Every structure is written in C-alpha cells, then in structure tokens.
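Asker: Sequential numbering of the sequence shown, starting at 1, is according to the numbering used here.
Treat the hints with caution; some may be incorrect.
Below, a list of computed lysine-lysine pairs in the BS3-like style, where the Cα atoms sit at most 30 Å apart [as the list claims (entries may be wrong)]:
id	residue 1	residue 2
1	K457	K172
2	K242	K104
3	K114	K395
4	K11	K140
5	K395	K140
6	K182	K172
These are calculated hints, taken from the structure and not from any lab test. Keep in mind it's a predicted model, so treat the numbers as computed, not measured.
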Amino acid sequence: MQPRGEVIDGKDFRRMIAGAYSAFMRKHEYINGLNVFPVPDGDTGTNMLLTLGAVAKAVTEAPDEGIGSLARRGADSAIMGARGNSGVILSQLLRGIARGLSGKDTATSVEVGKAFQYGVLYAYRAVARPVEGTILTVAKGIAKGTYRAVRDHATFSDILTAAINAGGEELKRTPELLPALKAAGVVDAGGQGLIVFLTGCLEGLEGRFSGPEADFGRTLTVPGITADITIAHPYCTEFIVKRFAASLVEVKRQLEQMGESLVLAPGEDILKVHMHTAHPGAVLESAIAWGTLHDIKIDNMADQHRQTIELGEVLSAVPAAPAQDRDKLAIISVVAGEGMSAIMRQLGANIIIAGGQTMNPPVEEFITAVHNGLAEQYIILPNNKNIVLAAVQAKKLLGERVAIVPTTTIPQGFAAALAFDPGSPLEANIRRMTEAREAVRSGSLTMSVRDSAVGGKNVPEGSYIGVIDGSVVVWADNIASALKQLALYLVGADSSVVSLYYGGELAATEAQRLAEELGKELKGIEVQVYFGGQPHYQFIVSVE
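With the hints as constraints, model all of the structure from the sequences given.
Answerer: Quick look at the structure:
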C-alpha cells in the first residue's frame, strides 16, 4: 500500500534538481573520461551538465510552487538548452517526467515514480535507431527497477534507489554488449550520466547533497560572443482554457496564424496552450471565446536568452528581416574555425552557428536563428554527429519551417552547401544536397588524448591519429606519416583532388610544407591546402 502521508511537492522537486545539478558538477569530468575513442569530442558529461544547468536555473528562479508547473518549466528549459545527443536525451527524460506530473500541485511517491517511468520512455524514443550497450540499455534497466518499486508501493526514496540499482546493473553489462566499450575498458558514458542524474535526485530529495551553490553566471559560462537578439515572436505565452467548448481543429487553425512553436494539450473540458507570439493580447482575446482562462503566463524570451551567431561578415545576432525582404530558403550551418566559417559563407550559408567538437550548440541557438525571420524556410547542416540530434529536436519544435541534411563532417557540409539552389523548392534541395554529402570521403587528423588500444595495437597518448566516421584508422608518432596514411586510406582509383584544411594550431608554412610532401606521394592527384582554423584537429581531409 502507499506509504502513509508521503507527498512530494514543488520544494522536493527543486531539491531533486539542485541535487542532480550538484552531482553533475562533481561527476561530469569523470563521465567525460569514459569517452570510447581517444579523440577530442563533445564530452557527454559536459553536455549533460550544461543542459541540466539550464533546468536548475529555470526551476530555481521560477515563481511556481506546484510540482507539475515546475517540472514543465524544467522540461522546457532542458529542451531549449540541450547540448549534444546526451543533452537532448536528458531533455526528453525531463519532458516525460513533466508529462507524468502535469497539472499536479503535489504528488504521491507512486505518482512521481510513474512520472519517472514516462521520462525513461521519452528518453528511449528520442533515439531513432536504438543500440544495445548504450544509454538506452541503462534506461531500460531503470524502467524495470522503477516499475517493480512502484508496483510494491515503495517510498519515493526507495523507488529512486531501486531505479539506480537496476540501472547500475545494466550499466555494468554495457561493455559486453558493445565491443568498442569493452576494448576501451569503460562503461557507456551516457548511461553513467543517467545514474548520476538519479543519484543526485535522491541526494537532493533526502537533503544529503553538497556542492557549489547555483552561481549560474559563473558555472555555466561558455566561451563565445554574446549579443542582443531580436525574435520575431518574442512572447512565450501559456494559459489554460477551462470549460473548453470549441473545436480543437479551429483553435489550431487560428493560433497557427498568430505565432510559432504551438503546443496544444487537450484534456477533458480543458485545453493547455503554449506558443510563441508577437501579440499575446490578440491570442488571449481569441481564447476568451473558447472558455474561461486560467494560469496565464507571458514571458519575454528576448530577456531570457543570448546566442552566438555569425551572419555575413559580422559576428553578431541575426537581425529580424522585414517580411518583404525574406528569402524563400536559407542555410543554417554549424562550423568551428574562422577559415571554415569564411568558406561556408562563400558557398552560400546564410547563418553560421559557432560549434563543433567539444562545443556543441544548444537547441536554443537553432530556434533563435529561425525566429529572427531571415527566410521562410531553413535547411540545417549540423556538420557533426553529436549535433544532429539537437537539430532534430529543433525541427520537432519548429515544424515544417525547418529541414535537415544530416551532415556529420565539415566537408559533407561544404558539398551540401555547394549543391544548394536558392531558386529550387525545399524538397528538391534536400534531395540534391543529401546526394552531394553522401558522395564525400573525408577524415580528420588529431592527437590522441589518452593511451588506447585500436585494432589490437597500443596507441600511446600524444600519437597523431587519423579518424574516419568516428573510428581511428591510422596512427603514427609524427604528423607527416599520419597525414600520408590517412590520405592513402581515403583516395580511390577515381580520386583527382585532395583538399587539406589546416587547424588553428598549425602554422601556414608548416601546413604548406606537409601538403607539398603529400603531393609527392600522391602521383596524379592535386593536393590543395586551405586555412580552416578549426580547434583540436591539425587537418581535416576531403577527397574528390
């Protein structure tokens, strides 16, 4: 039976989120260290920390007291602040929890336990192609542990403990399910992040956590340029319509004409509305005819968010374009490096979002770029495998205004941008750009950040390694040898040009010397060298 008198309220929820954030502050570097490959990457622990930091800030500052409304604010903030694949999955976990607690001022332990089950389900669904041995294996274990504890009407502390224990057992199994984990001698980083999240929630609920106070201005600062933003629909408008007696189809039709990011959550004789609009007064005037209005909340998003976007030759936020000046289509491209950004702009990208390895932009940056109204529709080029899921989440929020060409490397992005035709329809461009990116062969050259085993051989820390599709394929103790091996791995019988984009840590004279040496090895193939300025990678190599 239900533990007598146990009620979880908004204060408990705040403590759980604060505890989880504190836990990630302590553990995020440990999670980063579980990276399978010895390459600089968009670290899982950091991405989850920054995502949860946005949640903790929103929940701490929110005037709401009910657990349902706090959970909703936290979920909204997580979606806007999600970084990397792990951050997006975490945001979906919180979205599911918010659904399970929707409309509640307080909740029993069983109700909160079921909400966490919703969260695990949403997190699992966030991944298009589930793979065993990853965060999803741990999520399933957590779901089973939660289910058994909820069925037994346990206290919520016991429910969390059961979830942590069951998830921990599955986490131990991940190296047996995924060979790459076993070879590296680590467990799955994302799965470990879920365990840290739940452990922090338990510590917060029981008042056992200790850690840095929420100095968000200090702990969540990411290097970059901040600029004032102008959003076409700046007012986040939420309200509930009780005694709802209108047609949902008609309501949707009316509201779609008044703004964007529309979410309608109907219930029995009730409708929850969330949208972004430039005229909240007009929205409320229309809604009066549908029933009685309650819990009206209007937030100015321009006061809440900052972003870093490069547009044209100026590093600044994208200004809102008058309707008559808008293009039909525009490209949003994620790029790291001054030279790479310049090339991408020359190839036709309208908006550059700074990002790449170790600096995955949040979902919010994509949304803000679109809301500035430069074009009617947008094509996003993520140019990194760890940014694709954030782009997909942005599309879910923005709908048909956004399409994605899932480029995972900068050379793929270059090829896709080159194939773009602003005079063609969106569908034709997506088809042509996707075909172009699939024809690209590319790799990257960096230095190993730890000792590792690749193909049964030891690769010492500090070795130069060539990476293709996330896998280390060549390595050497000097850069010239590693570059030669990588280029030979990529070229084929039909190859005619090898393009080298050198990073910010390499001098132009050294890059030119290495290119000339490589040209002597690649008979009949032209070797071109360009300044990329990208961090962490000495060369990005593209073969045509």
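Asker: Against each hint, give a clear statement of whether it holds in the structure.
Answerer: Against the structure, the hints:
1. K457 with K172: 25 Å, holds
2. K242 with K104: Holds, at roughly 16 Å.
3. K114 with K395: This hinted pair holds, its Cα atoms lying about 28 Å apart.
4. K11 with K140: Within the cut-off at roughly 28 Å; holds.
5. K395 with K140: 26 Å, holds
6. K182 with K172: Holds, at about 11 Å.
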